[in-house]
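*Asks:* Next come the chains, spelled out residue by residue.
There are 2 protein chains.
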Amino acid sequence: MKWKRSERLVDMTHYLLDHPQQLIPLTLFADMYQSAKSSISEDLTIVKETFEEKGIGLLMTVPGAAGGVKYIPRMRDEAVREVIKDFMEELGHSDRLLPGGYLFMTDLLGNPELMNRVGKVFASAFAKQPIDAIMTVATKGIPIAHAIARHLNVPVVVVRRDSKVTEGSTVSINYVSGSSRRIQTMVLSKRSMKSGQRVLITDDFMKVGGTMNGMKNLLEEFNCQLAGVAVLVEAEHADEQLIENYLSLVKLHEVNEKDRTIALTEGNYFTKGGNE
Amino acid sequence: MKWKRSERLVDMTHYLLDHPQQLIPLTLFADMYQSAKSSISEDLTIVKETFEEKGIGLLMTVPGAAGGVKYIPRMRDEAVREVIKDFMEELGHSDRLLPGGYLFMTDLLGNPELMNRVGKVFASAFAKQPIDAIMTVATKGIPIAHAIARHLNVPVVVVRRDSKVTEGSTVSINYVSGSSRRIQTMVLSKRSMKSGQRVLITDDFMKVGGTMNGMKNLLEEFNCQLAGVAVLVEAEHADEQLIENYLSLVKLHEVNEKDRTIALTEGNYFTKGGNE
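Those protein sequences? They're chains P and A, same order as listed. Counted from 1, the first sequence has number 254 at position 254 by the UniProt record's numbering; the numbering is strictly sequential. Counted from 1, the second sequence has number 126 at position 126 by the UniProt record's numbering; the numbering is strictly sequential.
So here's chain P without its partners, still in its complex pose:
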């Protein structure tokens, strides 16, 4: 069957979006659509221009025999600002206040459309660095980790609080939780990572950074390197910060249980130059 350009464009767009960060040889498309490489190149120029025009992402072309095309997810700053604004609006509702000054955000972590957008925001910031895996702690970081991972096409590694038989042999570390200063345990399956990998760590909430710091120590046990830290919500506090280089979308300044108000501002995503 001979494919028309219009049909090729639709299918190619789907294929590229479904295979982020993967080098796709032009011959794959040429074979798939029974078309000349020159036609495929012209198609890709249209896709590339539209992706850039609409802020969907970049198409990188690698020339030569081993070359091809690679889709790199990349959101524009104004789109990132919209994600942050939408998220802050949702998070700022006073009915999210829980006893002890906590905020209920489980529903937001369960919203696949929001998580997909958040994932693309962080993927945009880290897409140009070599990243081999995304690490998080069970349970609430998992949706964010998977959302980022899908856009960067790398595996997710989940650290647990307890060891389970289905994890096989594990490595366990003790660390000091930031605010409560209690000794806690983190467990990771030995098979989860290979030494030398570059790992992005992520979580839904960070105060002093004790959990993040625990994950950092765990990376050292595996001879892996920290590639970055992505936090959905960081909270202001008086203690010493344990983690220095991180990106956050939203900053929680104050929760007033009496007046039932929540003070939020944009996180450091732009000031730390996330989307350089």
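Don't read these hints as lab results, they were simulated from the structure. Treat the hints loosely; a few may be bogus.
As the list claims (entries may be wrong) - Derived EDC-like pairs: lysine to aspartate or glutamate, alpha-carbon spacing no greater than 16 Å straight-line: (1) P:Lys54 - A:Asp31; (2) A:Lys194 - P:Asp107; (3) P:Lys85 - P:Glu113; (4) A:Lys4 - A:Asp31.
Since this is a predicted model, take the numbers as computed values, not measurements.
Since chain P is already given, all that's left is putting chain A on it; use the hints.
*Replies:* Using the frame of chain P, we list chain A on its own:
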């Protein structure tokens, strides 16, 4: 700016894939691209035919003033078979054998590309039913639940083993775990579901179905209805099955620790008419 058809097709494909199961009014596209509705209709015909030809999904057109177009994810049977085959091949490696006859599959649950495909497989089976939420139990079901949810555009609800302050008020139930016959507890945040919702429950592994049955009981506490059960791997066993109507991708028949062999077959996805 005036958009060319080729550019509209690329952008429209991205937009539709990013908004599954949502009715999109034609006027939205007409405004977005500064184009006549008749041109948009012609574009959509091309997208629709390509989506069907390549097995990406269906485009449903709803006529009338309140009408529009809806993308419904739908994989072809041969593509589903390929997902199952790839998954079985991965799962059948003897180095996955753990003491006690368990299988290590954490890495597969952390593979975003595989999870995306698995999610689309289950979404294809349930896309035509009204589903309001996907429920799973922490931790290992979460990636599957989110993968399905993204294709069906519904929220994910995570049941926990323990209550946490960040969950707010919770509903807790006791249930009998299938194989070990121990009393266990399940906890769900009260805000997670509204009464009357239709809920698809999912997990990575099912033997007798005790955990699934626990989730079913929890649904009753919330006056919600069971819309379906999706299991990645079901295991053969001699006890009475607690869950009757479920879809599984793979069936684990036997694990031989001495010979280090794993006997797997296709699950009941096709025989139970998943992709009707």
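*Asks:* Taking the hints in turn, state whether each one holds.
*Replies:* These are the hints, each one checked on the structure:
1. P:Lys54 - A:Asp31: With Cα atoms ~14 Å apart, P:Lys54 and A:Asp31 stay inside 16 Å; holds.
2. A:Lys194 - P:Asp107: The hint holds at about 12 Å.
3. P:Lys85 - P:Glu113: This hinted pair holds, its Cα atoms lying about 15 Å apart.
4. A:Lys4 - A:Asp31: 14 Å, holds
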